[in-house]
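S.K.: Sequence:
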Amino acid sequence: MTTPRPGRTSRRSFLQQSAAAGLASTLAAPAFIADLRAAPPSETVRHASFGASGMAGADWGAITGHKHVKFIAVADVDTAKFANVTKKFSDGSVKVYQDWREMLDKEGKNLDSVNVSTPDHMHAPQAMSAMQLGINVYGQKPLAHDVYECRKLAEFAREKKLVTQMGIQVHSSEAYRSAVALVQSGAIGKITEVHTWSNKQWGDGTPRPAGGDPVPATLNWDLWLGTAADRPFIGNGYYHPGNWRKRLDFGTGTFGDMGCHIYDPVFKALALTAPLSVRSTGPTPTEHNWANDAVVHYVFPGTKFTDGKTVDVTWYDGNATRPDDVLARLGNHKPPGQGSVFFGTKGTMILPHVAAPILLPEDKFEDFTRPQVGSQNHWHQFVDAVRGEGTTSANFDYAGPLTEAILLGGIAARFPQTTLDWDAASLTFPKHADATKYVRREYRKGWEVPGLS
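For the sequence shown, the numbering used here begins at 1 and goes up steadily by one.
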């Protein structure tokens with residue numbers, strides 16, 4: 001039996017008391033109040049994964065590659081996804097669960113950390129349920145499906161002093177760290193505007209197929225739906241495993257998928273806070289699906305790294321037209337398929353996703369000495385912080401506001417050609433109550449989560 005580490009005994013007592021009171025179910029349990037302390041540096045981190053394959057496999061693979069991590073359990077709604085876990089851990093040392101709530105009930109008292117690497121609509125319920133047990137969380141991007149969820153996750157993690165990290169691993173790459181250092185050192189002067197984009201297309205203009213299809217024997221469709229409203233399963237990958245990002249109730253479109261990556265160095269380099277307004281001039285979503293070719297214009301408060309009281313940042317995705325005047329200022333450089341362009345008072349920086357920043361005009365920066373920043377292991381940084389060694393660079397206090405800003409773009413897409421003024425403190429669009437209703441969704445009955453519902 002693992003010896004409880006300092007500061008975790010009260011969690012065990014809480015679980016025992018909850019079980020005795022018939023409250024062992026994570027979703028039914030009240031918010032856990034814990035005095036959480038950093039783990040002693042010598043302690044092994046006991047880890048579990050929400051999700052078994054795909055991005056989840058990449059996350060738990062990287063995290064458990066740390067020499068001080070012991071892999072305890074995996075939960076996945078599709079038992080067919082367990083193959084890579086059971087093959088790698090053929091001795092049965094890693095337990096597998098189809099119901100993530102059961103995994104938390106049975107293993108939670110022995111866990112120090114989890115990664116949440118499931119479809120977007122389940123990020124917040126799973127992360128919050130783990131954090132209420134005093135478990136540190138590595139959460140995939142976007143941090144959550146809704147703005148309200150992002151805010152609540154960040155507040156709870158801060159209050160309980162939990163170690164958190166969002167899965168924007170490029171944040172720790174040399175390319176992105178270098179871009180941040182270049183901007184903040186003043187290499188291209190004060191930033192006047194930024195344009196950023198992705199050529200991915202997580203949208204679908206076709207109607208949702210009528211009726212439903214047989215649910216695969218390995219899949220628990222009710223668990224996959226989780227907090228979302230009930231509906232029939234549709235085959236051919238319409239939802240599971242591959243195209244849920246296109247669906248309003250489950251994913252967050254191209255912007256939600258790639259924005260957290262590509263906006264990250266913009267947000268970090270400029271030290272941005274909540275936007276003042278957001279405006280979409282792209283297509284609207286259909287009844288069930290996100291649209292392609294989004295164009296979203298933001299106005300952020302100016303910072304010490306920007307020129308003026310405000311700064312404009314514009315997003316484009318899919319085949320949305322990149323403005324001619326923007327492209328003309330890139331000279332002979334073809335814009336990257338994904339990335340950003342920073343325009344400053346002393347120069348321009350092209351930041352491909354993912355490659356070294358390009359400084360323009362080239363002759364001006366020919367002999368320029370760039371900051372030496374190096375790269376970091378994003379996953380191991382999380383593990384080290386759980387062990388009490390250092391901190392994470394994309395914790396929920398950073399990732400929450402970043403994701404909130406991205407998700408506001410999705411809301412704006414529902415109200416094209418309308419400038420939506422944003423009040424971050426109240427989580428409202430004061431002049432647009434019809435837009436405010438998309439800040440927070442209602443969870444399906446029986447799937448309520450304390451702190452979120």
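If you're looking for bench data, these hints aren't it; they were derived computationally from the structure.
Among the clues, some could well be false.
With a cut-off of at most 16 Å between alpha-carbon atoms, the simulated EDC-like pairs for lysine to aspartate or glutamate come out as follows [unchecked claim]: (1) Lys-190 x Asp-363; (2) Lys-152 x Glu-448; (3) Lys-70 x Asp-91; (4) Lys-431 x Glu-442; (5) Lys-200 x Asp-213; (6) Lys-346 x Asp-324; (7) Lys-161 x Glu-174; (8) Lys-445 x Asp-222; (9) Lys-346 x Glu-366.
What follows is a set of in silico ranges between Cβ atoms, one per label pair, in the way DEER data are often shown [said to hold, decoys possible]: (10) Arg-208 x Gly-92: 26 to 36 Å; (11) Ala-210 x Thr-79: 22 to 32 Å; (12) Ala-274 x Gly-54: 46 to 56 Å; (13) Asn-332 x Gly-65: 38 to 48 Å; (14) Gly-337 x Ser-185: 20 to 30 Å; (15) Gly-337 x Asp-222: 21 to 31 Å; (16) Glu-174 x Ser-277: 29 to 39 Å; (17) Phe-368 x Gly-212: 36 to 46 Å.
All C-beta atoms, glycine included, are put in the ideal place defined by N, C-alpha and C.
S.K.: Does each hint hold? Answer for all of them.
M.R.: A quick look at each hint next to the structure:
Note on Lys-190 and Asp-363: the hinted pairing is violated, with a Cα-Cα distance of about 20 Å set against a maximum of 16 Å. A C-alpha spacing of about 14 Å is found between Lys-152 and Glu-448, which places the hinted pair at or below 16 Å, so the restraint holds. For the hint linking Lys-70 to Asp-91, the alpha-carbon distance of about 14 Å falls within 16 Å, and the restraint holds. Taking the CA atoms of Lys-431 and Glu-442, the gap is near 22 Å; set against the 16 Å cutoff, the hint is violated.
The suggested pairing of Lys-200 with Asp-213 is violated, with an alpha-carbon distance near 28 Å, which exceeds 16 Å. Distance check on the hinted pair: Lys-346 and Asp-324 sit about 21 Å apart at the alpha-carbon level, beyond 16 Å; violated. With a C-alpha separation of about 28 Å, the suggested pair Lys-161 and Glu-174 falls outside the 16 Å cut-off, and the hint is violated. For the hint linking Lys-445 to Asp-222, the alpha-carbon distance of about 12 Å falls within 16 Å, and the restraint holds.
With a CA separation close to 14 Å, the supplied pair Lys-346 and Glu-366 stays within the 16 Å bound. For Arg-208 paired with Gly-92, a C-beta distance near 41 Å fails the hint of 26 to 36 Å. With their beta carbons about 29 Å apart, Ala-210 and Thr-79 fall inside the hinted range of 22 to 32 Å. The hint said 46 to 56 Å for the Cβ distance between Ala-274 and Gly-54, and at roughly 32 Å that hint is violated.
Between Asn-332 and Gly-65 the beta carbon distance is about 42 Å. The supplied range of 38 to 48 Å therefore holds. Evaluation of the 20 to 30 Å hint for Gly-337 and Ser-185 yields a pass: the beta carbon distance comes to about 27 Å. Between Gly-337 and Asp-222 the beta carbons are some 38 Å apart, a value that contradicts the proposed interval 21 to 31 Å. At about 34 Å, the beta-carbon gap between Glu-174 and Ser-277 stays in the expected band of 29 to 39 Å.
Between Phe-368 and Gly-212 the beta carbons are some 59 Å apart, a value that contradicts the proposed interval 36 to 46 Å.
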